[in-house]
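Spelled out from the first residue to the last, the chains are:
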Amino acid sequence: MNFLAGKWFSDWLEGLGRIAMMTRETVLSLLTFKARWRDLLYQIYFIGIKSQSVVLVTGAFTGMVLGAQTYFQFHKVQMDTATLAVVGVSMCDELGPVLTALMVAGRVGAAIAAEIGTMRVTEQIDALRTLATHPVDYLVVPRLIATHIALPLLTIEAIAIGIGSCYLVGVYLLGIDPAFLWEDAKIYTHDIDLAIGVVKAFIFGGIIALIACYKGMTCPMGAEGVGRATTEAVVYSSITILICNFFLTLIIGKLVGLM
Amino acid sequence: MIEVRQLQRSFGSQKILDGVDLRIETGESAVIIGRSGGGKSVLLKHLIGLLQPDGGEVLVDGESIGRMNERQLLRVREKFGMVFQGAALFDSMTVEENVAFPLERKRTLTAGEVRRRVAHALEVVDLPGTEKKKPAELSGGMRKRVGLARAIVYEPQIILYDEPTTGLDPIVSDSIDNLIIRVRDHLKVTSVVVTHDMRSARRVGNHVFMLHEKKIYANGAPEEFFASQDAIVRQFIDGVADADDTLIK
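From first to last, the protein sequence lines stand for chains A and B.
Quick note, the first sequence lines up with residues 96 to 354 if you use our numbering.
Quick note, the second sequence lines up with residues 88 to 336 if you use our numbering.
Don't read these hints as lab results, they were simulated from the structure.
No experiment lies behind these values; they were computed from the predicted model shown.
Some hints here could point you the wrong way.
[As the list claims (entries may be wrong)] Here are the simulated DSBU-like pairs of lysine-lysine, each with C-alpha atoms no more than 35 Å apart in a straight line:
#	chain 1	residue 1	chain 2	residue 2
1	A	K102	B	K301
2	A	K145	A	K281
3	B	K220	B	K193
4	B	K102	A	K102
5	A	K281	A	K171
6	A	K145	B	K301
7	A	K145	B	K193
8	B	K275	B	K302
9	B	K166	B	K275
10	B	K102	B	K301
11	A	K349	A	K281
12	A	K145	B	K275
13	A	K171	A	K349
14	B	K301	B	K193
15	B	K220	B	K166
16	B	K166	A	K145
17	B	K301	B	K275
18	A	K102	B	K302
19	B	K193	B	K275
20	B	K193	B	K102
[Stated by the list, open to error] One-sided excerpt, in silico: chain A residues whose CB lies under 10 Å from chain B:
#	residue
21	L123
22	R131
23	E210
24	E218
25	I220
26	A222
27	L223
28	D232
[As the list claims (entries may be wrong)] With beta-carbon atoms standing in for the labels, derived distance ranges:
#	chain 1	residue 1	chain 2	residue 2	range
29	A	G348	B	K219	52 to 60 Å
30	B	F313	A	R131	47 to 55 Å
31	A	G348	B	K220	50 to 58 Å
32	B	Q101	A	L350	52 to 60 Å
33	A	L269	B	K220	42 to 50 Å
34	A	P315	B	Q316	43 to 51 Å
35	A	F104	B	R289	52 to 60 Å
Just so you know, even glycine gets a beta-carbon here, dropped at the ideal spot from N, CA and C.
Same shape as in the complex, but just chain A:
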């Protein structure tokens, strides 16, 4: 038992060390910008444009269900018009960035890990290296920059759709007064809330890209290896996002004076 725990811990430490080395290599490559614009634009298209449906549905239904639940509770104490304010702050600070990141981790993280993992098992990564191309420059950097750009934009979109959906549900389904609903939302939702969401999304984008690329590049040989790398990329990036979100909330809360 002790042996197994020791092995698990040493494997975990080794993985952490390797991902740190890959991050270092990525930062060095970013400083000299060896990626091609064409690759970068394709990745932004793949991560940003192709994730539209997932993000729109997630944002809309999260806003609607949160709005309905908030209304059910607030209605008991005659605070119906505060519904959109609660949804606005929740979507901006937490739900927008976290749910968007989780959905993108599932769609994009899996795709990145599977693509790079397949390249590894079919010797395409070795071929890149023989063609004097560093795999980090060609595979990791464009994906990292693209997720850093796309995820904050997708998050803003999810927040806007979530708030809009909540407004529609509140006004047309639950019968809340639209003027007071909107005014309360404007009073209690600040620019800083949106900024917090964007900062979190930027960091989550990096987490998704780095974990997915790392899992792909170190994927065990064979079809089973690619499958395992894909699953691990999604699971590890989702868990890391949830854990990081807690600490980011505390750190940002302290920085902006909420604590």
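Mind docking chain B on chain A? Use the hints.
What follows is chain B alone, placed relative to chain A:
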């Protein structure tokens, strides 16, 4: 010139190479033969720095590459082209994009010049007109030829071939051998071919190395090597399971 000194490499507890020594002169066409799973491809990957040795040294033009990091190796690898056993073409790209890849990464040529050189490389490997096809639309032999076109398009000094004829029918194998000879003679490159195809080894090599029991067991010019009376060498050349059944006794 490539020199390997006392190369050692293990995977886990299994030792694959244990004190390999070899020297390949500039312009030479070396063939490395040996049994399947004997470490030929592992040795080849050490020559270009895809694998790092546990012990010993690999020198390319006098420069030791065994302890270089990935960025330092990129400079050394510009001298090399490599043809993989499974071709290792980028399956998201067309044939043209695959062959153009090393030229476009360098960003020193105009688009027209890249297209011209790609067309010429595809002509050398007898595959003109396939530019717009995807690797999945090509046969195994055609994929290997595209792999060769990609390896020669930037005119490297050394080309490594990892089992170029494995899995191909005898006619396609012969055409691949012809291509290797044509590239060797026209571009005056150093060639290193890993194979267990004896016909191919006789045709393309002017120096044969036999890897056996984790070491270079025998080496020499093809005519001298293939006339060897050594039981182990004969067993491999004649392709018999039992050393006592060799054709020359």
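Taking the hints in turn, this is what the structure says about them:
Distance hint between K102(A) and K301(B) is fulfilled; the C-alpha atoms sit about 31 Å from each other, no more than 35 Å. A distance of roughly 32 Å separates the Cα atoms of K145(A) and K281(A); the hinted pair therefore holds under the 35 Å criterion. Straight-line distance between C-alpha atoms of K220(B) and K193(B) comes to about 24 Å, which keeps the hinted pair within the 35 Å bound. Distance restraint check for K102(B) and K102(A): the Cα-Cα separation of roughly 23 Å lies within the 35 Å cut-off, and the hinted pair is therefore satisfied.
Among the hinted pairs, K281(A) with K171(A) is consistent with the structure: their alpha-carbon atoms are about 23 Å apart, no more than 35 Å. Between the alpha carbons of K145(A) and K301(B) the distance comes to roughly 51 Å, so the proposed pair goes past 35 Å and is violated. For the given pair, K145(A) sits about 31 Å from K193(B) by alpha-carbon distance, which is consistent with the 35 Å threshold. Our distance criterion of 35 Å between C-alpha atoms is met by K275(B) and K302(B), whose separation comes to about 29 Å.
Among the hinted pairs, K166(B) with K275(B) is consistent with the structure: their alpha-carbon atoms are about 13 Å apart, no more than 35 Å. Our distance criterion of 35 Å between C-alpha atoms is met by K102(B) and K301(B), whose separation comes to about 8 Å. For the hint linking K349(A) to K281(A), the alpha-carbon distance of about 23 Å falls within 35 Å, and the restraint holds. The hinted pair formed by K145(A) and K275(B) fails the criterion: a straight-line CA distance of about 48 Å is larger than 35 Å.
Restraint check for K171(A) and K349(A): satisfied, since their Cα atoms lie roughly 33 Å apart, inside the 35 Å limit. Of the pairs offered as hints, the one joining K301(B) and K193(B) is violated, with about 38 Å between alpha carbons and a cut-off of 35 Å exceeded. Of the supplied pair hints, the one linking K220(B) and K166(B) holds, its CA atoms being roughly 28 Å apart against a limit of 35 Å. Restraint check: the Cα-Cα separation between K166(B) and K145(A) comes to about 40 Å, which exceeds 35 Å; the hinted pair is violated.
About 31 Å separates the Cα atoms of K301(B) and K275(B), which keeps this hinted pair within 35 Å; it holds. For the proposed pair K102(A) and K302(B), the alpha carbon gap of about 34 Å is at most 35 Å, so the pair holds. Simply put, K193(B) and K275(B) have alpha-carbon atoms about 23 Å apart, close enough for the 35 Å limit, and the pair holds. Distance restraint check for K193(B) and K102(B): the Cα-Cα separation of roughly 38 Å exceeds the 35 Å cut-off, and the hinted pair is therefore not satisfied.
A distance limit of 10 Å between C-beta atoms decides the matter here; for L123(A) the minimum to chain B is near 8 Å, and the interface restraint holds. Contact between R131(A) and chain B, as hinted, is supported at the beta carbon level, the nearest pair being about 8 Å apart and thus within 10 Å. Given the 10 Å rule on beta carbons, the hint for E210(A) holds: about 8 Å separates it from the nearest Cβ of chain B. The restraint placing E218(A) at the interface with chain B holds, with a minimum CB-CB distance near 4 Å, inside the 10 Å limit.
Taking 10 Å as the C-beta contact cut-off toward chain B, the hint placing I220(A) at the interface holds, the least distance being around 9 Å. The closest approach between the C-beta of A222(A) and any C-beta of chain B is roughly 4 Å, which is under the 10 Å cut-off, so the hint is satisfied. Taking 10 Å as the C-beta contact cut-off toward chain B, the hint placing L223(A) at the interface holds, the least distance being around 8 Å. Below 10 Å, beta-carbon pairs count as interface contacts, and D232(A) has one with chain B at about 9 Å; its hint therefore holds.
A C-beta distance of roughly 56 Å is found between G348(A) and K219(B), which places it inside the suggested range of 52 to 60 Å. Look at F313(B) against R131(A): about 48 Å separates their beta carbons, and that is inside 47 to 55 Å. Distance hint check for G348(A) and K220(B): the Cβ-Cβ separation is about 57 Å, which falls inside the suggested range of 50 to 58 Å. At about 53 Å, the beta-carbon gap between Q101(B) and L350(A) stays in the expected band of 52 to 60 Å.
Restraint check, L269(A) to K220(B): a C-beta distance of roughly 59 Å breaks the suggested window 42 to 50 Å. The supplied range of 43 to 51 Å is met by P315(A) and Q316(B), whose beta-carbon atoms lie about 45 Å from each other. Under the hint 52 to 60 Å, the C-beta atoms of F104(A) and R289(B), about 54 Å apart, fit the expected range.
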